[in-house]
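Chains as they are written, first to last, in this note's numbering: chain A, 1 to 129; chain B, 130 to 611; chain C, 612 to 1057.
A hint or two may mislead.
Straight line, CA to CA, 20 Å or less: simulated SDA-like cross-link-like pairs of lysine to any residue [stated by the list, open to error]: (1) K82(A) x K598(B); (2) K186(B) x D960(C); (3) K1008(C) x E1028(C); (4) K598(B) x N91(A); (5) K75(A) x G126(A); (6) K643(C) x K142(B); (7) K82(A) x D908(C); (8) K327(B) x K354(B); (9) K1038(C) x A1050(C); (10) K102(A) x A34(A); (11) K598(B) x K75(A); (12) K959(C) x R163(B); (13) K470(B) x H646(C); (14) K75(A) x M8(A); (15) K1001(C) x D1026(C); (16) K148(B) x D960(C); (17) K657(C) x Y667(C); (18) K142(B) x S956(C); (19) K164(B) x Y667(C); (20) K531(B) x I569(B); (21) K643(C) x K164(B).
No wet-lab data here; the hints were simulated from the structure.
None of these values were measured; they are calculated from a predicted model.
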Amino acid sequence: MGNEEEYMYTKEHEWVCFEDNVAIVGIAEYAQSALGDITFVELPDVGEDVEQFERLASVESVKAASDIFAPISGKVLEINKKLDAAPELINKSCYDKGWIAKIEPSDLDEKGNLMNAEEYQQFLEGLDT
Amino acid sequence: MELIFEKSASGRKGFQLPKSDVDIQADIPAAYIRKTECLLPEVSELDVVRHFTQLSKLNFSVDGNFYPLGSCTMKYNPKFTEQAAAIKGFADLHPLLPQLDNSLVQGALEVLYHMDRLLSEITGMDDFTMQPLAGAHGELTGVMIIAAYHRLKGNKKTHIIIPDSAHGTNPASAAIAGYEIVTIPTDDKGALDFQKLKGLVNTQTAGLMLTCPDTLGLFNPDIDKITELIHAVDGLVYYDGANLNALLGRARPGDLGFDVIHVNLHKTFATPHGGGGPGAGPVGVKRKLSHLLPISRVVKNADNTYALNYNYPDSIGYVASFYGNFGVILKAYAYILMLGKEGLRNVSDHAVLNASYMMAKLKDYYQIAYDRRCMHECVFSAMRQEAQGVHAVDIAKFLIDKGMHPPTIYFPLIVKEAIMIEPTETESKESMDQFIAAMIEAAQLAEKDPKSFKQYPKTMPITRPDEVKAAKEIHCNFFAKR
Amino acid sequence: MSGFIANTDSDIKDMLQAIGVNSIDDLFVDIKPRHAPHSFDVPEGKSEFEVLERLYGLAARNATNLVSFLGAGYYDHYVPSAVSALASRSEFYTAYTPYQPECSQGTLQALFEYQSMICTLTDMDIANASLYDGGTALYEAMMMALRITGRKKIIMDGGVSPIYRTIIRSYTKNLDIAFAETPVVHGRSNRAEIKKMLDQDTAAIILQNPNFFGAIDDHSDIVETAHSRGVLVLESVYPVSLGLLKTPGEMAVDIVTGEGQSLGLALSFGGPYLGFMATRKEYVRKMPGRIVGETIDTKGRRCFVNTLQVREQHIRRERANSNICTNVALCAIQATIFMSLLGRSGLKDLAGLIFQKAEFARQEISKIKGVEVKRSSPTFNEFTICLPQKASAIIPKMISQGFAPGFPLSRYYPDMEHYLLIAVTEKRTKEEIVNFAMALERALWN
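Isolated chain A (complex conformation) (with noise of 0.2 Å):
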C-alpha cells in the first residue's frame, strides 16, 4: 500500500487500491473518525465472493455498528487477522495497517463506479456544507 491520493473511494468512504491485480480495501480517515474507538471488526471469510456495494464487512464501536461495502466485485483472498486482537489499527492506520480485506477483483471496468482522491476530496466538501 501507497500513497492515498492514488486510491479511489465510495460514498460509504471506503478506499479500495490496487496492487498487482489484487483490491486492497479498508475505510477512510472520514469513516475511522466518526465512528470513534472502533471496539471489534467482524471480518468476512476468505474465499468468499462480495458484490460491488454490497456488505463486506462490519464494525462496532461503542455507540455504533457500521457496515463496510465492498468497493468491487470479487473473491475475499485474505482477511487483516490483526484486527481481531486489535480493532484500533483502523483508528490508528487507516490507510496503511487498519486495511480490511484483499479481494481478487472479478471486474475491473467496476472501478469506474468509483471516485480518485480528488472527486472524493470534493465530495467530503459537498457533505460539509
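Guided by the hints, dock chains B and C onto chain A, whose structure is given.
Chains B and C only, in chain A's frame:
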C-alpha cells in the same frame, strides 16, 4: 467495592437448610453428577446483607433522587402496591393451579379480568391480554397480531412503517415478526411527515407503529388523518404506549383510530422499574382483532365466576408461559383502583404541566428541538453548549454531582445532542426548581469554563468508566480467565 | 390532590404564569375537541386502606393453603427472608436500567455477580444480565442459534417443557423455520431418533435436563453427534439441580437457558420470573439481552458498565439481535442474593435434599395399589405416575383432602389422561408425603 466472591471464606454459610427427615439411601448415579465445582461464594447471612445494602447505596433511585429520565416515566412508586403484591394469597399462587380447578384461583382471575376491563376503558380498546412481560414484548405481540390479521384475510403485506424518531424496539419487534421496515422521516415541525407518509403507504403496508405523543413529547393534531390513511389500505395502526402518561382522560388511542396498543404498566401505572425490569406490557386491541389475542384468556361466566378459556382457534398462541407478570399487574391494578377516574386525569394534567414548566424555564438556556407546546416531556439539544466543546453527556455527568439522575441523552436519535426531560406528575415544584437551577448553572459553566466539564462527576465512587476497554476486553464473568 | 401529586394551587398558578398560559387545558391545545374520549368510565378512586381490603378479599379467594405437589418447571421453594428484605431496598427497585454507570454501580455490580454465578452454576463462559422468563429465554436461544449457523431447521426434544414448545411455535409462525420434534415418554432423550434427524440443515437441537418428566440425562453423546454436523445444542435446565448434576458445560452444550424462579422468587401466579442464558465466549456478540462488563474508570478504579450495546435494539434497530429493551434486573438481583446465601455447599445440599425427598415420595406412592411410577432412568425432583383412573376424577378428591396433587399431563398429551406429574421440594415434610400417599390411596379406592 469488593465482589461477593472476594468476601468468601471457606466453610462459611449464609443459610440453614432443614435436616432431611426422610430415611432413605438413594444416590444419583455418578455418571450424572457434576465434577466441576460450583464456585458460589461462602459468606454469612450478615455478609450478604451488608454486601447488598452497601451495593444498593451506590444507586440513584426515584426514592432517593430526582430522576427525570425522558421516555421512562420515572414517577413515584406507591408503597402500598408493594404490600399488595406480597399478599400470601397472590405471592404463593402456583400458575398451574387452574389446570386442577379454576375455583382455586378465583381472586387472581378476577384481578386479570377486571384489569382487562379497566385498561380497555382507559385506552378506548375492546379487549386486552395481560401476557406480555415488558413493553418491547408487548410490541412484538402486537405485531404478531397484525401479521395474523393479514394472514387470515389473505392480505399480501410486506412492510411496517415506523417514524425515524421511534424507540429502537419498534423496528426490532417488527423485524422479528418477519416484516421489512420502512422509515418515515420527521418534518420540520417535529411531526411525522404526512406528505411523505402518503407517498409511502401502499397496498403492501401491513401497518404503522406510532408513539403518541411522539418521542419528542409532541401530540400530532393530525393523528386521526394518519390512522385513516393506513386504514384505507387495510393496514393496522399500532400505538406504542410509552407516552400514555400524557393522555389519561384527555384522549384515548382507541378513539384516535389505533387498532393495537401496548401499555407500559411500569411507566403510566407506577409499578417500579426494578433497575431495569420486571415490567409489564399488556396489549389491547379493537374488537375485530380480539379473536387473535394470545391464549389463555380470562372469561366471566354467567354465574359471575371466572375461567380460563383456550378455545380461540385464530389466536396467535402463547407469548409467555402464563398470564403475564402477575405481581406487576397487581401493583398497577391497586394503583388504578386508588386513583380512580379523577386521579388518573390529574396524572396527565400535572405530568404535562410539570414538563411544560420545565421547558419554559430552560428554553432561554438550551436550544429547543422543536419549539411547540410539549406534552409530558420536553426535548432540548445541547448544540449551543456543544459549540463550546460541552456535550449532552458532560451536562449529564454534571447533574450527577448535584444528586440528580440525568435526563435521557442522545435520544431521540434525530435530535443532535438530545436532552430529554420527563419530570412526571409526582415531582414537586421545589425539586423541579432545583433541577432547573442546576441546568442553568451547567449552561453558564459551559460558556465560562467548558473544559471543566470533563472532571464530572467528582463526588461519586467512580467517574467516566472506560467503555471502549469494556467492549474490547469483554470481562463479564468473575471466573473467566483474562 | 389525589394521585400522588405535590402541586398546590399556588404552585399551579406560578407554573402556568411561567409557561404563559391561563389554564392547564391550554396546555392540551394540540388535542382537538374531536379527539376527546368517547367515554372514560373508570370507578371513583379509593383510599389505600380500602384498596388493600379489596385485594386481601380477592387473595382470600385463591387456594394457597393446599400442600403442593404441583411443579412442571415452577416450584414451591422456600425463599429466605434476607432475599425479600434486601430486594425490597428501594435503591434497587425504584432505579431504572443503569444508563449512567456512575450512579448505578449497585445494580451493575450485582448484575456482574449474577452473570458470574450463572456461569459457575452452568459451567459456561458468559451469561447475559437476564431475560423475561425461562420460556422466552429458550426462544431467544433458538433465534441466536439461527443467527450463528445461518441454518433454518430446529429439532425439539419431546422432553422439553410443552409450555416452552408452544411459546416457540407461536413466535415463529411468521418466520421461515422448519421444526421437527422427537417423541419421548417418561425417560431420557430418544438418542436414535435425534441422531437420525440431525443433519447439515439443522441449526440446533433443543434439549432439557432434567426433562419435563423429571428424567436426568447426560447429553454428551448427542452434543458430540450434533457438533460433528455443525449443529448447536441448546439445553434448558432447572438451576437448583445443578447443585449436583452434570453441567451443560461438562456436556459441551452451546447455549444454556432456564427458569430462575426457583432461585428465590415467589410463584406469584406466573411472574415476574427470571430467564437466564449462558453461552460460550465465541458467541457473545450473537447473544441477546443486556450484558454487564468490568472496566476501569479514569482513575483506574474497577467498575462496571453495560457493554456490547451495539448488539441491541436502541442502536441497531431492525438489525438488532433481539427486540428486548431491558432485562429483569430486580429478579436477577433476588437470585444473586439467594445464591449468595446458599453458597457453595448450600446449593449442593439443597439439591441433595430435594432428590432424597422426591425419592422417598416415589417409593411411598409406588406402594399404592394400582399406581404405577413411570420411569426408565433416574429422576430428580419430579416423576410421573400412572393412575388406574383418569387423573381428572382423582384431582377433586385430592383437593378436598388439602393437596394440589401434581400436574395432569393430559393438558399437553391427550393420550395421558391417567397421568400426573408429581413435584417435591425441600418444603415437603415426611409427614406431608406420607399423608399425600394415604390421601391418594383413599381417593382411588374409597
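Hints versus structure:
Restraint check: the Cα-Cα separation between K82(A) and K598(B) comes to about 17 Å, which is no more than 20 Å; the hinted pair holds. This hinted pair does not check out: K186(B) and D960(C) have alpha carbons roughly 32 Å apart, beyond 20 Å. Straight-line distance between C-alpha atoms of K1008(C) and E1028(C) comes to about 16 Å, which keeps the hinted pair within the 20 Å bound. Restraint check for K598(B) and N91(A): the C-alpha separation of about 15 Å stays at or below 20 Å, so the hint holds.
About 33 Å separates the Cα atoms of K75(A) and G126(A), which puts this hinted pair outside 20 Å; it is violated. Proposed proximity of K643(C) and K142(B) is contradicted: the alpha carbons are some 64 Å apart, above 20 Å. Annotation: proposed proximity of K82(A) to D908(C) is violated, straight-line Cα distance about 27 Å (limit 20 Å). Taking the CA atoms of K327(B) and K354(B), the gap is near 11 Å; set against the 20 Å cutoff, the hint holds.
For the hint pairing K1038(C) with A1050(C), the CA-to-CA distance comes to about 19 Å; that is within 20 Å, so the pair holds. In summary, the hint linking K102(A) to A34(A) is not supported, as the alpha carbons are separated by about 24 Å, beyond the 20 Å threshold. With a C-alpha separation of about 34 Å, the suggested pair K598(B) and K75(A) falls outside the 20 Å cut-off, and the hint is violated. Between K959(C) and R163(B) the CA atoms are separated by roughly 10 Å; this keeps the pair inside 20 Å, and the hint holds.
The suggested pairing of K470(B) with H646(C) holds, with an alpha-carbon distance near 18 Å, which does not exceed 20 Å. Taking the CA atoms of K75(A) and M8(A), the gap is about 19 Å. The hint holds against a cut of 20 Å. For the hint linking K1001(C) to D1026(C), the alpha-carbon distance of about 11 Å falls within 20 Å, and the restraint holds. With a C-alpha separation of about 10 Å, the suggested pair K148(B) and D960(C) falls inside the 20 Å cut-off, and the hint holds.
Simply put, K657(C) and Y667(C) have alpha-carbon atoms about 15 Å apart, close enough for the 20 Å limit, and the pair holds. For the hint pairing K142(B) with S956(C), the CA-to-CA distance comes to about 8 Å; that is within 20 Å, so the pair holds. This hinted pair does not check out: K164(B) and Y667(C) have alpha carbons roughly 48 Å apart, beyond 20 Å. For the proposed pair K531(B) and I569(B), the alpha carbon gap of about 12 Å is at most 20 Å, so the pair holds.
Distance restraint check for K643(C) and K164(B): the Cα-Cα separation of roughly 69 Å exceeds the 20 Å cut-off, and the hinted pair is therefore not satisfied.
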